[in-house]
Amino acid sequence: GIPTVLDRTLQQSIVQILTPVFEAEFQEHSYGFRPGRSCEQAVRRLMEYLNEGYEWIVDIDLEKFFDNVPQDKLMSSVGRVIRDPDTESLIRKYLKSGVMENGMYSATESGTPQGGNLSPLLSNVMLNELDKELVRRGHRYVRYADDCVICVRSEASAKRVMASVTRWIEHTLCLKVNATKSRVCRPTKLKYLGFGFYKSPGDSGRWTARPHESSVARLTRKLKHLCKRSWSITMDDRIKLINSTTRGWINYFSIAAMKVKMEK
Numbered sequence: 001g002i003p004t005v006l007d008r009t010l011q012q013s014i015v016q017i018l019t020p021v022f023e024a025e026f027q028e029h030s031y032g033f034r035p036g037r038s039c040e041q042a043v044r045r046l047m048e049y050l051n052e053g054y055e056w057i058v059d060i061d062l063e064k065f066f067d068n069v070p071q072d073k074l075m076s077s078v079g080r081v082i083r084d085p086d087t088e089s090l091i092r093k094y095l096k097s098g099v100m101e102n103g104m105y106s107a108t109e110s111g112t113p114q115g116g117n118l119s120p121l122l123s124n125v126m127l128n129e130l131d132k133e134l135v136r137r138g139h140r141y142v143r144y145a146d147d148c149v150i151c152v153r154s155e156a157s158a159k160r161v162m163a164s165v166t167r168w169i170e171h172t173l174c175l176k177v178n179a180t181k182s183r184v185c186r187p188t189k190l191k192y193l194g195f196g197f198y199k200s201p202g203d204s205g206r207w208t209a210r211p212h213e214s215s216v217a218r219l220t221r222k223l224k225h226l227c228k229r230s231w232s233i234t235m236d237d238r239i240k241l242i243n244s245t246t247r248g249w250i251n252y253f254s255i256a257a258m259k260v261k262m263e264k
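Using the working numbering, you'd call the opening residue of the sequence shown number 1 and step up by one each time.
Check each hint, because a few of them may be wrong.
Said to hold, decoys possible - Taking lysine to aspartate or glutamate pairs in the DMTMM-like style, the calculated list, with each CA pair at most 25 Å apart, reads:
no., residue 1, residue 2
1, K73, D86
2, K93, E40
3, K93, E109
4, K181, E133
5, K189, E55
6, K176, D86
Stated by the list, open to error - Here are the computed distance ranges between Cβ atoms for each label pair:
no., residue 1, residue 2, range
7, I255, V135, 19 to 27 Å
8, P20, A156, 38 to 46 Å
9, K132, N68, 16 to 24 Å
10, S97, E133, 42 to 50 Å
11, K132, K191, 21 to 29 Å
12, K93, I239, 17 to 25 Å
13, S154, K176, 55 to 63 Å
Don't read these hints as lab results, they were simulated from the structure. Using N, Cα and C, we set each Cβ at its ideal position, and we do this for glycine too.
Using the sequences provided together with the hints, build the complete structure.
Written out as structure tokens, the structure reads:
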């Protein structure tokens with residue numbers, strides 16, 4: 001399933017040509033795999049909604065999204081924008097290229113090419129249809145790749161939105177919503193892009209983002225592993241790895257209230 005060097009080069013060429021074309025079509029509140037956009041922007045936007053009073057969350061989980069993208073639906077979305085038969089044909093060939101596992105070839109009838117440069121762009125093309133529908137309905141939402149949350153004002157509204165959006169996704173996009181993982185919840189129960197959400201103490205009562213407990217636990221496990229004496233590397237190399245890991249974590253969660261977390 002891993003593309004060859006030539007495949008990667010060709011896919012990257014397609015991405016460079018088509019990205020500006022599709023960027024003109026993409027909606028404002030999608031942030032994943034797009035130039036000049038980031039997880040930080042997605043989290044900031046989500047906090048804006050929470051602090052405007054939209055404090056009920058519709059957390060939608062798409063079941064094995066990258067494996068289950070209906071290719072005909074995807075190509076219809078591609079064709080409506082680029083209108084170039086040669087490029088469409090090349091993209092379709094990549095979608096149909098199949099995978100080789102243990103010397104056995106398997107055809108791919110659904111999904112986008114895993115590990116390829118083209119897959120992130122195609123996923124956004126597919127889910128841009130969802131974005132347009134949510135905008136049409138006037139929903140306040142944030143999407144990063146296939147991680148989508150909608151913010152509403154009440155539990156009753158959240159349940160209605162969950163039901164209607166789930167129906168739309170399954171009937172119109174032919175994607176499966178994971179009923180077990182999708183849920184209606186309060187922000188304090190949400191984990192989004194590694195962040196948890198909490199109300200500030202005191203009179204302000206504003207929502208803030210912090211590293212989610214599971215993100216802190218994952219960092220702790222990694223640092224403990226790096227500190228194991230049984231791991232035979234030099235102390236200098238060990239310190240470099242610890243510093244690199246910690247610095248990367250702090251940079252990712254730079255918008256969060258982390259002082260207490262780091263002290264712990």
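Of all the hints given earlier, name the ones this structure violates by number, lowest first. Numbers 2, 6, 10, 12 and 13 - these are the hints that the structure violates, sorted from lowest upward.
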